[in-house]
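For the protein sequence lines, the chains are A, B and C, in the order given.
If you read the first sequence in the working numbering, its first letter stands for residue 1, the second for the next number, and so on.
If you read the second sequence in the working numbering, its first letter stands for residue 1, the second for the next number, and so on.
If you read the third sequence in the working numbering, its first letter stands for residue 1, the second for the next number, and so on.
Treat the hints as calculated values from the structure; they're not laboratory data.
Some clues are possibly wrong.
Each computed EDC-like pair below joins lysine to aspartate or glutamate, with the alpha-carbon atoms no more than 20 Å apart [stated by the list, open to error]: (1) A/LYS379 - C/ASP159; (2) B/LYS110 - C/GLU82; (3) C/LYS399 - A/GLU402.
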Amino acid sequence: MAASGSRRSFDGHGSVSNSEEWRDVTDVGVQTDARVQGLAPRLSKVNLFTLLSLWMELFPKKEQEHRRKDATADSGLVVVQECKVLGLHCSSVQLHAGQVAVVKHGPRLKGCDLYFSRKPCSTCLKMLINAGVNRISYWPSDAEISLLSTDNADSRHQDAILDATAAERLKSNSRIHICVLLQSLGSNMLQFVDETSQNCEFLEKIAADNLDVADVFKQERLNNLSDFSGRFLVEDEEQHRYVLNKMGLENFCVEPNFGNLRQHMKDLIKILASVAAGVPVLQRGYGFFTRDLQVLGSSALPQDVVRHCIIQARLLACRTEDPKVGVGAVIWAEGKQSQCDGTGRLYLVGCGYNAYPVGAGYAEYPQLDHRQEERQNRKYRYILHAEQNALTFRSTEIKDEENTMMFVTKCPCDECIPLISCAGIKQIYTTDLNSGKVRHDISYLRFNKLSGVQKFIWQQKCSDFEEQAAPQISTTLHQRSDNVEVLSVRGRQNHPE
Amino acid sequence: MAASGSRRSFDGHGSVSNSEEWRDVTDVGVQTDARVQGLAPRLSKVNLFTLLSLWMELFPKKEQEHRRKDATADSGLVVVQECKVLGLHCSSVQLHAGQVAVVKHGPRLKGCDLYFSRKPCSTCLKMLINAGVNRISYWPSDAEISLLSTDNADSRHQDAILDATAAERLKSNSRIHICVLLQSLGSNMLQFVDETSQNCEFLEKIAADNLDVADVFKQERLNNLSDFSGRFLVEDEEQHRYVLNKMGLENFCVEPNFGNLRQHMKDLIKILASVAAGVPVLQRGYGFFTRDLQVLGSSALPQDVVRHCIIQARLLACRTEDPKVGVGAVIWAEGKQSQCDGTGRLYLVGCGYNAYPVGAGYAEYPQLDHRQEERQNRKYRYILHAEQNALTFRSTEIKDEENTMMFVTKCPCDECIPLISCAGIKQIYTTDLNSGKVRHDISYLRFNKLSGVQKFIWQQKCSDFEEQAAPQISTTLHQRSDNVEVLSVRGRQNHPE
Amino acid sequence: MAASGSRRSFDGHGSVSNSEEWRDVTDVGVQTDARVQGLAPRLSKVNLFTLLSLWMELFPKKEQEHRRKDATADSGLVVVQECKVLGLHCSSVQLHAGQVAVVKHGPRLKGCDLYFSRKPCSTCLKMLINAGVNRISYWPSDAEISLLSTDNADSRHQDAILDATAAERLKSNSRIHICVLLQSLGSNMLQFVDETSQNCEFLEKIAADNLDVADVFKQERLNNLSDFSGRFLVEDEEQHRYVLNKMGLENFCVEPNFGNLRQHMKDLIKILASVAAGVPVLQRGYGFFTRDLQVLGSSALPQDVVRHCIIQARLLACRTEDPKVGVGAVIWAEGKQSQCDGTGRLYLVGCGYNAYPVGAGYAEYPQLDHRQEERQNRKYRYILHAEQNALTFRSTEIKDEENTMMFVTKCPCDECIPLISCAGIKQIYTTDLNSGKVRHDISYLRFNKLSGVQKFIWQQKCSDFEEQAAPQISTTLHQRSDNVEVLSVRGRQNHPE
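The whole structure should be built from the sequences, with the hints applied where relevant.
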């Protein structure tokens with residue numbers, strides 16, 4: 001039992017294994033089986049997928065989507081096939097996240113790993129087991145069918161207990177690994193994510209407008225922490241132990257397991273809070289707006305959905321292999337099918353982060369950028385860009401008749417622009433900080449000239465935009481009008497809404 | 001060599017192996033690798049696919065489809081990939097069933113098992129061998145290119161002999177298993193299928209209208225037996241031996257093999273006759289009709305095609321693991337491609353029956369329904385519904401722009417309704433006996449409220465329907481006007497056509 | 001070190017292995033794992049794919065497609081998955097051939113073998129390595145980013161050197177086999193290809209019009225040799241050695257390796273020159289024209305593109321297993337996607353040649369055609385036709401809404417016609433020499449009656465065609481106006497353009 005900084009993991013069997021045993025799980029990249037271990041800490045695969053599942057639970061929904069008839073809580077789900085993200089889902093009014101996966105992927109679920117933000121109900125479990133999934137990991141807070149209740153004699157509570165019992169019986173009679181899979185963070189991971197989030201290009205853009213970014217970030221991060229903890233942690237420890245017990249996780253209830261578990265959960269929530277704070281909620285009129293006068297048929301997404309997807313990309317960037325800059329990219333498309341996923345008509349096409357080629361060992365490739373005297377030792381000839389990985393490892397074809405959108409945390413460079421354009425991407429949501437420049441052998445000259453792709457740039461909304469691109473804001477997760485008030489004084493005058 | 005009740009199988013090598021050796025073949029489910037052995041007998045996988053291939057040969061066709069130029073007989077074909085039905089086909093005017101499989105599935109045929117209702121011709125065989133199929137099983141009656149002839153000097157007969165010789169040479173030079181794969185039925189299987197067919201919901205509905213169902217069933221079953229025997233058995237034993245000899249099945253011609261073979265063939269024909277009798281041919285105006293006034297663009301299928309698909313579902317139900325109720329579901333879609341399959345524009349999407357989760361062992365899950373005191377020991381939390389299996393193990397995506405239809409032998413319950421609706425099913429063909437009720441913890445309340453899906457319910461046609469849903473009846477297989485006469489006296493007055 | 005007639009191969013590690021070690025590579029067919037070794041020599045798989053990659057570099061492009069901004073040379077690419085051609089590509093204005101493969105195939109590239117007509121640049125290499133390809137083979141002439149330069153101090157040349165260095169570093173740090181994979185030809189291969197090309201049906205048709213075909217062929221072949229050598233060989237041996245050195249192929253620069261390498265390259269170029277001469281460049285108004293008055297919406301391809309595809313089919317025919325007649329077939333479709341491949345909207349669907357069923361051993365099947373007394377020993381019952389292989393092993397579905405075209409070197413027989421028609425082929429480009437006849441048990445009676453498929457037949461253009469089918473001729477590869485002048489005297493009068 002090492003100190004809290006060591007790498008450790010918990011699974012549903014209650015065992016605590018140290019980092020050596022989990023190396024194969026930990027160090028395999030989303031797209032790249034790379035074993036490069038740079039100076040900067042990286043998010044492990046398991047933690048990345050767990051964070052994405054939590055974040056998917058918070059996918060912004062329209063008002064009516066929240067009016068569920070039964071007591072089932074929303075949950076988020078990440079479907080992973082051979083280290084590739086096949087789908088990002090969340091519950092809808094009609095279907096649980098697990099059912100969404102069955103309807104959307106059907107036979108493709110065979111052999112997949114699933115990451116849930118809540119333990120799924122027994123009906124979802126039986127279908128997923130039968131579909132032949134490889135592993136089901138879930139966040140060890142309250143279950144999808146809530147086990148927390150004020151009234152123990154409540155019939156809903158009795159149903160929840162029966163459901164939890166059925167889930168355990170399904171687990172014991174199947175060969176599928178149904179477990180809690182959390183890993184502790186590297187010793188300096190929290191600090192690293194805080195710093196990179198505060199220095200990310202979205203906040204840098206706000207800083208250029210003479211705002212105190214440190215303040216904005218700190219406040220946003222605090223708000224997030226409070227929101228996320230309320231949602232993803234059972235505050236009362238006794239209640240948490242009760243829930244764990246009912247879910248068959250008795251071994252997590254004893255110390256030091258219980259304390260470690262809660263510490264890991266809190267650490268991951270902190271990461272999520274920091275990463276999300278890098279793209280603050282519509283501060284002072286900031287958002288993703290286009291200057292393209294001719295909106296090519298396909299209209300812009302609501303700002304809260306765009307922000308959600310950009311933060312997915314920022315989470316992916318935490319798993320970069322680049323010692324200096326992490327970049328993440330996510331591709332979503334808008335299908336014509338009727339709604340069943342909590343994401344509406346949106347479905348994931350692919351995602352990626354920047355990394356060295358698959359199979360690269362530690363320091364096999366140059367990691368330098370600056371020294372002009374060593375032109376052949378610069379990383380840019382070897383590193384795969386996030387956009388390239390997202391396109392290469394797409395989980396589905398890009399269809400010409402659909403609106404396919406790329407969300408990327410950095411302006412695409414000249415190497416990626418023709419790929420993005422030829423692959424049939426219709427919209428890009430990004431920043432333009434480097435646009436028009438050449439930095440360290442990488443040029444960003446083509447982005448401005450790119451035609452046929454709509455560009456939505458993170459910027460302050462000015463009155464010019466209001467006509468051609470007035471994205472509707474659906475119900476956002478957070479009710480924090482006070483905070484928005486304070487920061488929007490100047491912004492408000494520009495766009496009175 | 002056990003008595004006739006024991007499980008036994010024949011293959012093309014003439015060997016007779018007992019049930020132990022065939023366990024791996026016998027006990028693997030269509031979707032579920034379950035080894036549950038309840039009290040009720042089950043149809044083995046091999047027998048199920050064989051029966052489906054025979055039934056596909058009888059797929060109703062339009063008049064001109066029967067005018068073939070050459071002497072090739074129609075045949076039915078079931079394509080199975082990893083225990084999943086990939087396609088149900090039959091010969092068309094232009095293509096043999098084997099050619100249909102090549103055109104429709106191409107490279108997907110690799111590793112598939114094929115079940116033919118007749119030994120395919122050598123041209124089909126060479127293409128299927130080359131496509132890399134795993135196994136070709138065929139029904140040991142007359143071949144696709146008929147070997148039965150009144151005139152031995154007939155040039156057509158000489159061609160058939162040359163073709164059979166070529167087929168044997170292809171078999172001996174390939175590594176593919178080309179065989180006769182029949183399995184004897186469990187001791188009480190015939191009786192069990194007779195009982196469940198007579199008590200199925202389609203006849204129950206007729207019973208509710210005060211008809212003597214036992215009589216209807218008995219008469220229908222007798223008609224079927226006569227029809228099917230004429231088609232699938234070579235009546236004359238000497239002729240049968242001649243055909244077997246020409247097909248390279250000499251070892252089947254000696255006793256006790258020959259007698260056993262014919263017995264197994266007769267038993268399977270009896271099963272088919274009973275199952276088909278559960279949905280009698282348009283008796284007294286019974287059929288699948290909708291009450292939906294607004295027919296949503298896609299019109300109803302002809303009644304004989306609907307009946308054919310419902311009986312596919314009923315065959316699947318004979319492989320249920322549920323000790324009490326067998327349910328089968330089949331999903332077909334109507335493509336836009338031009339015709340090449342004998343099924344016209346219809347193609348299979350998926351099929352399933354109710355079963356315990358994959359990997360479940362005998363009695364690992366509760367099988368009770370009734371006793372209210374043991375709420376946590378009821379099967380409904382564990383059993384997979386036929387509709388869920390058909391959706392999960394679909395062989396192709398459901399396309400929004402096509403009419404996709406589910407045929408299910410029982411009214412879908414509230415657990416399945418949202419899945420069916422969200423998966424994009426456009427039409428359901430079923431009974432509504434349980435609709436609006438709650439039975440043994442399973443509720444059927446949502447079916448009536450389901451919107452966006454057209455419901456075609458097994459019922460007596462009344463004059464209300466005639467305007468909005470007057471399905472055309474294509475040439476049915478059977479010419480049994482006499483029987484229809486007797487039973488349609490009252491029906492006729494309702495719908496004079 | 002055997003004499004030049006022996007089978008030998010070179011790979012990127014500089015080793016020369018003899019035929020025994022390469023048997024597994026050499027003798028595996030495109031579709032058929034057949035080990036039949038008839039009397040006629042066959043092109044090995046590796047040489048076939050290499051020739052197809054060279055030929056793809058010459059895919060006819062529109063004028064503007066040649067105006068590249070950077071110094072990158074066009075290259076051709078063949079993507080092979082499990083011995084099946086998945087794609088035929090070439091560089092476009094926007095993308096290198098390697099990038100085209102990433103955009104078009106994405107995750108499907110995993111495990112594929114790639115054959116390039118030039119060593120790809122390091123940017124393409126890093127993406128292909130990361131995509132998980134199995135092997136990259138390239139033609140050992142000048143690289144995609146040219147290493148040949150008049151001025152050594154040229155910055156472009158310096159960039160090319162840096163790129164070559166990066167490519168070698170990527171090779172040494174990945175587990176992918178990046179190599180030069182050429183195989184020497186069988187002793188009589190060159191002669192055999194010369195003879196079959198001169199006797200092919202396209203020239204036979206010209207001969208029927210009383211032209212001296214031997215002369216036409218000889219002249220065309222000489223022109224081709226001169227064109228192809230200029231493009232695919234570095235004339236100056238010192239320059240060639242310099243290029244090989246810069247690409248990390250030092251071991252190829254010493255004798256006897258260097259001499260052998262150049263000999264193999266020249267032999268393959270000779271094969272390509274002969275095969276292409278079988279369908280001479282628009283001689284005397286010859287081309288592929290239709291008599292169908294109603295052009296069904298989809299218009300004809302430009303003649304130079306048709307010729308390019310027909311020659312692909314003729315290259316495939318060089319790998320036939322039929323001891324008498326080689327047939328090749330290629331299927332292309334015209335997609336709706338915007339351009340990114342150098343082939344424009346055209347993409348490969350499948351290709352094949354005639355062969356015995358997969359797994360057939362030497363002489364297991366009859367190879368006779370003529371003797372009427374042995375009707376059961378004729379090959380036609382066993383041989384798979386090129387069209388059947390192209391359809392069976394297609395790499396993608398045939399879409400009803402797209403124009404899908406088959407290019408085949410011989411008139412399709414009655415066995416293939418219904419398959420072609422039912423598979424959804426919209427256009428056939430072929431010869432009609434056998435149409436309406438019956439030859440050696442194979443009848444070609446249905447071709448003329450085939451409706452719903454447009455037939456473009458190799459023939460002299462007459463004035464009748466000019467209205468309904470006036471295909472545009474895009475910029476052809478060769479500037480050989482002189483030659484065309486001489487041969488087009490009569491043709492010109494027929495079609496003055």
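| query | What are the numbers of the hints the structure violates, in ascending order? | reply | Per hint list: zero violations.
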